[in-house]
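Each of the two chains sits in its own frame; use the hints to bring them together as a complex.
First to last, the protein sequences are chains A and P.
Per the working numbering, the first sequence starts with residue 738, numbered consecutively.
Per the working numbering, the second sequence starts with residue 81, numbered consecutively.
Straight-line distance between alpha carbons at most 25 Å, and here's what the computed SDA-like set of lysine to any residue pairs gives:
#1 Lys177(P) x Phe757(A)
#2 Lys911(A) x Ile101(P)
#3 Lys911(A) x Gln241(P)
#4 Lys177(P) x Phe1007(A)
#5 Lys177(P) x Ala759(A)
#6 Lys153(P) x Leu842(A)
#7 Lys153(P) x Ala761(A)
#8 Lys177(P) x Leu749(A)
#9 Lys911(A) x Arg233(P)
#10 Lys911(A) x Arg176(P)
#11 Lys911(A) x Ile95(P)
#12 Lys177(P) x Tyr1005(A)
#13 Lys177(P) x Pro753(A)
Far from chain P by the CB rule (all over 10 Å, computed), these chain A residues:
#14 Gly781
#15 Trp783
#16 Thr784
#17 Gly795
#18 Thr797
#19 Leu798
#20 Leu802
#21 Asp803
#22 Glu878
#23 Arg881
#24 Ile912
#25 Asn915
#26 Leu936
#27 Pro937
#28 Leu940
#29 Pro941
The set of hints was computed from the structure by calculation and includes no laboratory data.
Ideal Cβ positions, reconstructed from N, Cα and C, are used throughout, including at glycine.
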Amino acid sequence: MRRAGGKAAAFLPAAPLALFFALAYLLPIAILGAVSFRTDLRAGDWTIAHYGAFLGDGFTLSILLDTLWLGLQVVVVTLLIAYPLGLVYMRAGPRVRALLVFLILLPLLTNTVVRTFAWMAILGRNGLVDTLAATLGFTNEPLRLLYSRTGLVIALAQIYLPLMALPLNNSLAKIDGNLLRAAEGLGASSAHLFRTVILPLSLPGAVAGCLLVFAGATTAFITQTLVGGGRQIFMPLFIYQQALGVQRWAFAAAASVVFALTVMAVVYAFNRFARARLRGVDA
Amino acid sequence: MREARNIPFDLAIWIAGALAIVLLVLPTLVVVAMSFTNEFTLRFPPRSWSARWYVELFSNSPQILTSALASLKVAAIATLVSTALGTLAAVALAGRKDRLSIALDAFFMSPMVFPAMSLGLALLLVLSLAGVRLSLLTLAIGHVVIATPFVIRMVSAAAQQMNPALLDCAASLGASRIHAFFTITLPLIRSGVVSGAIVAFLTSIDHVPVSLMLSDPRTETLPIHLWAILESNLDVRVAAVSGVIVAATVAVMLVVDRRMFVPGRAGR
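Chain P on its own, in the form it takes in the complex (with noise of 0.2 Å):
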């Protein structure tokens, strides 16, 4: 057994470590508990309870749930597209060491870091000067940049643990490119796939800066209209929008299989 040769700094790393755990759970508890408030302000703890807000939220409320709406269809647009075409690209660049891949993997994956905001004034001004109409069709367009590296990633980290041989042994007996697809790679990558979707997602219906700059009113998001309610005045019904999607959160995660979120697990 290993022995406390250095009791302070083990001590000052537990206590460390069980704050950061206590940090990271806090803000979702606070806003859980927030949602029940029967006060019109953020006073924390609240000191009365209720679920006025949820009622609020979905008896009185068509903004929040039309935003809402139109996060859940570009999301799913977003995802559908960049779940395909990262799949694709995933499949064919993984395990490869060429130069070509490794710009192309490269460029694929730069949405990651560059500034969101920049590449959504980038699209508005094409799109502004294309004559083209704000529509939800073209802010999925965005997303889909934006989440795509996203699956890629997870993708390529299931089609790394592929065997390259079985692709050969389909060859080898006379089976097409596609058919050894849809018949192989994907059955064996099914794993990746799954969670490149669930995070596509996941990020689209979080994403900001390119919605912002694409938003008309047709087109406002959930996120967009929060943020303008948070701006202006300080509605407690963001904190019940907030409970149903930590609410949502939480159900997904515990539904899909948890393992999978698991690092160095995924595809075994």
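Same shape as in the complex, but just chain A (with noise of 0.2 Å):
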């Protein structure tokens, strides 16, 4: 063992983090978590009355749950598209590899605005699919993509594909070909390969790229608003509309401990379960 002195003097470089997380992250979340408990933001009591209302209100519930279930069918939609994706990147030499990664990396680094704005003129009435539909002679009708939980999901499946591809292709990657090549020779089929090979091997990555999607998509106000539209409300919004629209900032803060709670405790619950699978792989 080292001595402490040492010890603590490695820490040090890290010390004005933990002072600034400590200040404009811990104690802000602190603050958030009391004010949940007041009866009002700067007077009243101690009371559990806003958790009771958030809680016990099957409308206020509804919109939770449906934030995860969103979120959770935006992770099932990305898994589905970035496979096919990683498993072209897995068999592409350097070139088309440093191609796709400028691919994934384009819509990452635009603005999140700027892919929703995009989303709206591809879903919206005349837009884009609307006029293929027409032209491809299915429909003239508008087919009322946008303000959809279809479109919605699309959307944002699209918008955070690049969270899930990134990890999942790293994980691809460090597969090593001569695994490949000796289940090819003793005979695998291609869909054999990836079920016993490829899948449990990229699952890391896979792991990663969900929690990201996860977290993302549930929290993602600017989409959820504009793609999904004024029927569909979601925790983000929700939040937003009881703090700054009708100033219910102790029953906002109860609604913002619950939702962070519920979206930490479904991130820990797979890291957990995930890791927990995992043990076995990386043997």
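Dropping the structure here:
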């Protein structure tokens, strides 16, 4: 063991950030928690009424559950798109790989509002999808994909695809080529190879991607409001309305705490579950 | 050579992969095409083309330009602070496996999954209880919290590839920790620090929830302003703004060393 003095000195460079996070991150969250147990922001007494109001009301509870459900839907669709993309990436040479990385990063680096706006133009009335459907002779009626749940899930899946594709491709690229050739040499079909070798070995990347996409899709205020429209309310908009719209600060604080705890709990549980499953893979 | 033993599966993968690539690129192309429309609606494809919305943007849109300037200022402060603090923390924690290091790392990374709207409300409550007026600086504080995890990830990836013996050598030759940091560590992790700073900047420029909560007319950032435009009336100027952002992004990506972005090759 090292001496305690040397150990403390090694941590010294982390001290400024620790101090900054304590003041600008931990303290505000602690105060958010405290306010959520007050009758009002500045005056009043301690109470758990806001939590009762949030958790006891079917309407607010359904907003919370629907937000988590949306996150799950987006994660599943992103996985379905990212895996074929990853398999193409895995088999590509260095030049095509570099091009693919560029194509994956480009949407990630352009603004969220820009990407959301693109989806409004694609899904909207007289947008790309409507035009295509009419040109191909399917229907002349507007499909009304904008402001629909399907449209929202597709748009969010595309917008958060890079967050899934980058860690997944990283995992896929690490798979030993000899392993694949050995399996093929022994007569494994592509589908069998995928199920027994590629899928298990790529799980670490997929897990990391799932967490990022879930966290992203559940808090994607801009896309949720603009592509989802006014009829679909999710937690970020609800918190925003309760706080800045009707100024029910303490209630908004309670809703924020519940939302944050739920998202963190899902992330933590999924992480634990995935790690337990992965223990056999890394060996 | 590999034999195609399962042609339907391989074919399905290639088709799905090609579709995924189209899906990745399509929205960007649609936005760029849309920005050259001559119409007042988001009809796609446009019936006639022009650069009128770019002219409109740069000659007759003071609010959009003001909010863009606010975004750049906030991002500049947030990038500087998060890169400095994040780099130091990442270097301190790199490669350490003790409980305290792992706990600190988890704490520093947690803003990545903590719902930002909750953090935004938390910051707003603190500022209003303390009687601090909203400003670009208070907004930048929130952005530092959001951006720092990305800096730490990038820098620790580079720091983990560094040979720790180098620092022991420096110490045995009498170099102070600070001297060793600037002459040995920093040059070796430079590419990690630079990519961390770039990602921090892009994160701040793109960030919405905290900006929305801490937004007043003086601190309105570009994404918030564009969101407000899109919520109320679908002003086609947003397409021109998008065109400018796409062009700037492509330019930055071509200028910045592409290798830095290739997974697993950072710092080599």
